[in-house]
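Listed in order, the protein sequences are those of chains A and B.
The letter at position 175 of the first sequence is residue 175 when you use the numbering used here, and the numbering goes up by one with no holes.
The letter at position 160 of the second sequence is residue 160 when you use the numbering used here, and the numbering goes up by one with no holes.
Note that these hints are calculated values from the structure, not bench results.
Treat the hints loosely; a few may be bogus.
Unchecked claim - SDA-like, lysine to any residue: derived pairs with alpha carbons at most 20 angstroms apart:
#1 B:Lys-490 with A:Asn-154
#2 B:Lys-490 with A:Phe-17
#3 B:Lys-490 with A:Pro-27
Unchecked claim - If the Cβ cut is set under 8 angstroms, some of the chain B residues that face chain A in the computed set are:
#4 Glu-79
#5 Gly-80
#6 Tyr-82
#7 Pro-252
#8 Gly-279
#9 Met-311
#10 Val-313
#11 Ala-352
#12 Arg-478
As the list claims (entries may be wrong) - Pulled from the structure, derived: some chain A residues nowhere near chain B, Cβ distances all over 12 angstroms:
#13 Ile-41
#14 Ala-98
#15 Thr-109
#16 Leu-117
#17 Ala-247
Each residue gets a CB set at the ideal place from its N, CA and C atoms; glycine is no exception.
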Amino acid sequence: MVVALVLVLVAVGSVVFHLLSPWWFTPIASNWGYIDATINITFWITGFVFSAVVLFMAYCVFRFRHVDGRRAAHQPESTRLESWLGIATAVGVAAMLAPGLFVWSQFVTVPAGTAELEVVGQQWQWSFRLPGKQGRLGTSDPQYVSADNPLGLNPNDPKGRDNIVIVGDDLHLPIGKPVKLLLRSLDVVHDFWVPEFRAKMDLLPGLVTYFWFTPTKVGTYEILCAGFCGIGHPQMRGSVVVEEENAYQAWLGKQQTFEQLTKKQLAKK
Amino acid sequence: MGEVIFGSGGVVPAAELPDVELYHAKTWITKYVFSQDAKVIAVQYSITAMAIGVVALVLSWLMRLQLGFPGTFSFISAEGYYQFITMHGMIMVIYLLTALFLGGFGNYLIPLMVGARDMVFPYANMLSYWLYLLAVLVLVASIFAPGGPTGAGWTLYPPQAILGGTPGAEAGIILMLLSLILFIIGFTMGGLNYVVTVLQGRTRGMTLMRMPLTVWGIFTATVMALLAFPALFVAAVMMLFDRTLGTSFFMPSLVSMGEHLKYGGGSPILWQHLFWFFGHPEVYIVALPAFGIVSDLISVHARKAIFGYRMMVWAIVIIGALSFVVWAHHMYVSGMNLNFGFFFAVTTLIIAVPTAIKVYNWVLTLWHADIHLTVPMLFALGFVVTFVNGGLTGLFLGNVVVDLPLSATMFVVAHFHMVMGVAPILVVFGGIYHWYPKVTGRMMDDRLGKLHFWVTFLGAYAIFFPMHYLGLIGVPRRYYELGETAFIPKSAETLNVFITLAALIVGAAQMVFLFNLVRSLFNGRLAGGNPWNATSLEWQTPETPPAHGNWGKELPVVYRWAYDYSVPGAERDFIPQNQPPAGVAAQATITAVSAAH
């Protein structure tokens with residue numbers, strides 16, 4: 001009796017907790033609203049299954065608990081019932097998987113004409129590189145990293161000279177324009193994550209990874225590292241500022257190119 | 001229809017092997033220390049696993065103290081925190097759960113349940129335990145090594161695992177890898193034993209489809225472990241070389257803290273593939289024995305045949321096979337080719353179907369049953385609740401696009417604790433309360449057992465259910481402190497305090513269990529040979545606890561499956577597997593080459 005009641009409380013309590021919980025996603029600021037929708041579908045389906053199974057158990061424990069003289073029924077199997085339950089489960093799984101794969105196919109397809117920029121991770125800070133007037137990112141390699149060249153750009157690659165290098169400062173993005181982040185790490189595995197944008201991706205040394213999104217809401221958002229990267233992992237923060245096009249252009253105009261930075265360093269020496 | 005297929009047709013196929021001569025220990029040391037008796041080895045494995053498990057429990061307290069009350073305890077540094085989470089995870093997954101299910105339950109139950117006198121290779125079985133103990137000691141040694149144990153996270157991702165920015169990169173990581181290598185060598189010796197004993201050591205009449213599901217679960221998990229651990233083995237050897245010899249298996253050219261290192265040409269993502277090729281089957285290596293054991297607990301204590309036995313066997317085998325093609329669902333955001341996501345999401349969600357069928361069959365066994373709410377039954381019910389909960393959140397994380405926002409958050413921590421922490425551990429407890437009378441001859445205390453169950457079950461649910469919602473907000477895992485983070489509300493801190501308090505209480509409740517375990521050894525009610533009126537062979541031994549060689553002069557002969565409960569027309573509500581059908585004379589076991597003592 002008590003056991004059945006507790007099982008009912010667990011099932012009902014979980015659902016009530018879910019409905020009343022103040023803890024939910026941060027308001028979305030990118031085009032990946034479909035992800036939230038898929039999660040919601042999944043919550044409904046799994047919530048139903050969880051409640052059904054636990055309540056069924058509670059009923060059985062209440063109804064078929066041992067009393068003197070009770071004897072269990074003898075029914076070793078029912079191929080029919082098992083098949084139907086299997087089919088119903090497969091349908092439920094497909095109902096979650098189909099929207100999931102649909103959204104994933106969008107995620108892996110970067111729209112033509114998407115602007116590219118680079119995010120560089122190192123213990124424990126974020127840096128960024130944007131193409132300059134030529135619109136191309138130059139090559140890079142960790143072997144070029146030095147005090148004057150913190151991101152390891154290839155000094156002999158003419159395409160890299162006008163690249164805009166941002167170290168120790170915020171990244172700005174124009175609203176409504178899709179952007180493809182090329183991700184690179186100088187040392188260990190990191191992960192670029194802005195919860196408001198939903199998507200995240202690892203940065204690895206020796207490899208360039210990527211993902212794309214479109215910022216849809218003006219604001220300043222915090223970048224977290226979501227790939228454990230050593231002792232300073234929680235402190236590896238940065239900011240993304242999403243703003244209107246003219247504010248973005250004004251900010252862009254104030255940034256320094258790789259060439260300017262190197263010259264300034266040389267002048268100091 | 002059940003009669004013909006499952007039960008008492010009286011068919012007794014000929015045995016394949018003659019009875020065997022066992023090694024007879026002559027001294028106390030060869031009997032109880034360097035023992036070749038699987039039952040003694042089982043107890044050795046279990047005690048060692050529980051001892052190191054207590055360490056893991058204390059570590060979880062420390063990390064929860066930090067998360068609930070950040071900055072309050074000066075003895076928890078950031079280095080210490082990462083060392084705690086790493087050791088906690090490694091111990092729980094490998095040194096506790098794997099060792100306890102396979103080395104503990106496997107050693108004790110396989111020979112007894114299939115009607116063998118012992119494992120087929122007792123000497124290798126003994127070595128298996130001593131290598132395991134050595135692995136545990138090396139792990140413990142790393143705690144006292146200069147720089148402390150590794151704090152790389154239990155996944156030990158390179159390059160950080162062997163670079164200076166991670167605690168324990170000096171000696172800790174080397175000892176960790178050595179310990180894993182030792183564990184795998186030891187496990188292989190035991191694992192071959194379990195597999196061969198099931199395939200070749202069964203007594204006359206014990207066909208594969210008459211075996212209890214406990215044996216099926218442990219058997220399949222062992223086959224998987226024998227195939228999965230080698231991936232971890234080679235990965236550990238390669239990382240050891242990277243760390244000590246300067247090779248570059250996992251190390252590309254990189255700049256660490258402004259210093260150019262002499263590595264180049266390796267790939268950190270290769271480690272991730274090798275690790276998870278082991279790591280995902282590992283989840284089922286822990287889960288399948290739990291599936292098997294809980295099926296038997298439910299059947300015995302509900303006095304009813306497990307529903308859909310044949311489907312249950314096939315589900316175990318299919319889950320085992322599928323679990324080798326889902327590993328990269330741990331790597332959706334690792335930077336591997338994004339198109340892999342389609343394949344691994346599909347395979348991962350397909351596993352939900354056989355898994356769900358198992359859940360349905362457990363609860364359908366309760367339908368029109370005669371449910372005795374014993375302590376093992378309570379733990380079995382608790383398992384179903386937590387396993388269903390944790391399994392369903394797996395459908396979030398396995399569905400590649402849903403994993404994007406949730407991976408690396410507390411949602412993941414909540415999910416895997418529910419599904420492969422809480423759920424299997426509830427089965428471990430249920431199994432211990434269930435078989436303790438066979439191992440010791442005495443019952444564990446019922447009231448303490450119930451207290452232990454309620455605090456553990458409700459407490460663990462209170463820890464891990466709300467934790468999912470921290471992950472939904474976006475609270476990342478492996479953060480020593482959250483600091484000021486704009487999108488995380490103050491109320492999340494309150495929730496963290498609540499979770500920490502619940503964790504302290506649940507941890508304390510395990511002391512009740514340990515107390516019960518020890519006290520019942522001396523004060524427990526005498527159990528008799530078959531206190532639960534169960535059908536399977538381990539309850540039919542001539543002596544309790546079973547003597548060396550298990551069966552006295554003659555091996556048992558099996559006439560039926562393990563689930564003849566409440567058979568219509570039968571006198572009692574259970575018929576032991578070695579009871580001949582009415583009208584059939586008891587058959588002789590094959591002539592023993594030499595009867596064991």
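Verification of the hints:
no.: 1; hint: B:Lys-490 with A:Asn-154; result: 46 angstroms, violated
no.: 2; hint: B:Lys-490 with A:Phe-17; result: 18 angstroms, holds
no.: 3; hint: B:Lys-490 with A:Pro-27; result: 17 angstroms, holds
no.: 4; hint: Glu-79; result: 6 angstroms, holds
no.: 5; hint: Gly-80; result: 11 angstroms, violated
no.: 6; hint: Tyr-82; result: 7 angstroms, holds
no.: 7; hint: Pro-252; result: 3 angstroms, holds
no.: 8; hint: Gly-279; result: 15 angstroms, violated
no.: 9; hint: Met-311; result: 5 angstroms, holds
no.: 10; hint: Val-313; result: 11 angstroms, violated
no.: 11; hint: Ala-352; result: 5 angstroms, holds
no.: 12; hint: Arg-478; result: 4 angstroms, holds
no.: 13; hint: Ile-41; result: 9 angstroms, violated
no.: 14; hint: Ala-98; result: 10 angstroms, violated
no.: 15; hint: Thr-109; result: 9 angstroms, violated
no.: 16; hint: Leu-117; result: 17 angstroms, holds
no.: 17; hint: Ala-247; result: 20 angstroms, holds
Going down the numbered hints, you'll see the structure goes against 1, 5, 8, 10, 13, 14, 15, while the others check out.
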